[in-house]
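Produce the entire structure from the sequences given, and follow the hints as far as they go.
Order-wise, the sequence lines are chains A and B. First residue of the first sequence: 1, per the working numbering; consecutive thereafter. First residue of the second sequence: 245, per the working numbering; consecutive thereafter.
If you are wondering where the hints come from, they were derived from the structure by calculation, not from laboratory data. All C-beta atoms, glycine included, are put in the ideal place defined by N, C-alpha and C. Just so you know, nobody snuck in bad clues.
To give a feel for the contact side, a few chain B residues facing chain A, derived at Cβ under 7 Å:
1. M245
2. K252
3. D256
4. R451
5. G452
6. E455
7. P456
8. L458
9. V459
10. N460
11. P461
12. V462
13. E624
What follows is the residue order along each chain.
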Amino acid sequence: MIEVSRLHKRFGEVVAVDDVSFSAADGVVTGLLGPNGAGKTTTLRMLTTLIAPDRGEARIDGLPVAANPIEARRRIGVLPDARGLYPRLTAREHIEYAGALHGIAEKVLRPRVEELIDLLDMRSIADRRADGFSHGERVKVALARALIHEPRNVMLDEPTNGLDVMSTRAVRDLIRRLRDQGKCVLFSSHVMQEVSALCDRIVIIARGRVLADGTPEEIRGRAGTENLEEAFVSVIGSDQGLLQ
Amino acid sequence: MTFAVFRKELKDHVRDRRSMLSGLIMPVIGPLAFLGMFTLIASWIRQDKPLIVPVAGGANAPNLIAFLQRQGAIVETAPADFEAQVRDGKLDLALSVPEDYGKEFEAGRSAPVQLFEDSSRTKSRPSVMRARRLLEIYVRRMSALRMIARGVSPTLVAPLEVTDLDLATAEKTAANVLGMMPLFLLMAVFMGGLHLAIDSTAGERERGSLEPLLVNPVRRGAVAVGKWLAVVAAAVTAIVVALLGFMLAIARVPLQDLGIKFHLGAPELIGMLLACVPLAFFAAALEMTAALFARTFKEAQTYLSMMLLVPIIPAAFVTLQPIKTTLPALLVPVLGQTLLMADVLRGEPPPAAWFAAAALSASACAAAMLLWTARLLESEKIVFGRGAGG
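This is the structure in structure tokens:
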């Protein structure tokens with residue numbers, strides 16, 4: 001369960017996030033949709049405690065993150081905006097490192113690493129160094145290390161950005177599987193098709209503000225159009241950056 | 245968690261060939277330079293062997309023989325077959341004084357002497373040169389005496405008088421070279437972990453792995469300490485490699501023959517280690533803090549190589565112009581360690597309390613830097629670089 005209430009963040013003169021509130025429930029895929037620069041990444045960074053909000057509060061499982069950063073981070077699995085790998089470590093070592101940082105005992109860690117390697121279909125790259133990995137392979141490693149501690153809440157920042165069709169399908173399957181396991185999945189995207197294909201609930205954000213929040217049906221109904229794409233355009237006021 | 249970070253950074257470092265090379269080749273440069281310089285100095289000393297001048301017909305020129313002996317040459321009676329022996333290299337040279345030497349000399353003419361040498365032999369060249377130099381001195385003196393006897397000032401025919409003042413005796417040079425050892429060890433302290441310090445901070449951010457690292461439930465302090473321990477381990481490895489190198493290099497040169505009463509044994513090695521390791525604590529933290537302010541790996545490299553001059557300059561100064569070891573000086577990182585090492589080298593090991601004082605001071609500075617590093621990792625500007633938006 002992820003909740004955000006009246007979050008506000010300013011960088012110098014630029015207001016990146018302006019009074020943003022929404023919540024993402026367990027067993028539901030919530031999409032944070034907005035053009036580039038809308039404040040999605042900043043919002044996620046405040047949820048992962050990497051950035052402190054100027055005002056407002058973010059809560060994970062009802063726990064205010066500002067007061068309990070370590071416990072909050074324990075309860076989330078994050079695919080951050082930056083998903084760099086260590087070129088000299090293998091895929092498996094990346095996952096094991098994340099596991100060690102979560103304090104998972106070796107005995108528990110080993111089978112879990114194998115499970116993730118199978119789940120993300122990374123058997124062939126598991127023991128190769130990350131140096132020559134393709135973009136899709138990198139995202140898989142980053143996803144595996146985000147999920148090593150079986151978090152209740154999963155936050156993915158533009159997970160399918162730049163992926164080919166097969167990798168995109170794999171990531172979508174993973175997101176659905178996480179939802180079916182009852183997890184709270186929050187992911188951000190600037191691609192409308194991505195959000196409409198996956199989300200049970202959509203939060204539209206632009207220029208740091210939440211413009212619409214509801215199920216795809218509710219958003220269509222509010223905009224008075226049968227077409228989700230039309231609805232987005234009418235909510236945001238332009239089609240800037242949303243259509244690929 | 246700290247251990248997990250430490251283990252990962254070390255593994256990463258060991259696999260980085262460039263980083264390992266820069267960390268390990270540098271510390272052996274000092275010992276190699278030592279080996280070269282001491283070998284050179286030892287060869288000078290060999291020149292200081294007494295000059296042996298076999299003379300045939302020495303009785304014909306008693307004054308010349310007496311002069312040679314006063315100048316430190318050992319004058320021997322040449323064997324009968326001295327010509328053959330010089331040709332065969334058994335003798336470096338031989339001097340022959342013909343019978344009419346005395347007559348010619350008395351008459352004020354040029355008295356004949358013959359210097360036998362084999363100019364194709366390099367080995368004998370230093371001895372021949374020295375004998376020739378002695379003979380020239382004798383010629384100059386005699387001509388001066390002859391001119392004075394005729395009422396002419398000898399300076400008239402000597403418009404220039406060049407005096408060679410070689411102040412650097414072999415012993416002094418050897419001591420100076422030995423005095424550079426602290427400088428090389430300081431380089432090991434600062435360079436040993438440099439690459440890792442940059443790679444695990446500025447490099448980590450540049451390749452976009454800092455954000456994924458920090459979303460794990462680990463305190464920033466634990467991340468900083470884990471990385472710091474890895475940098476310290478790399479620096480200590482460099483120090484140990486450098487010390488072992490010096491030990492091997494110094495074992496190969498006969499320091500006693502150079503007039504140096506220094507023995508690089510276990511107590512000296514431990515003293516050097518005790519001085520250097522606490523400084524490595526400080527150097528590692530300092531490098532990490534500075535690197536975090538840089539935007540990229542390259543920029544950090546530029547900053548840090550400039551920053552390294554700051555500790556090296558006072559250390560070089562102390563090496564060239566020794567100052568007395570005092571408590572306040574000991575408390576200054578780098579300076580204190582340089583003084584301790586210089587004292588150990590001089591064979592006057594400082595009391596344990598001094599080592600402790602210098603170590604405590606360096607460790608305290610390291611702790612302060614480490615706290616700063618942890619604070620920087622909390623800062624949004626540092627973690628995301630300039631312009632954290634999106």
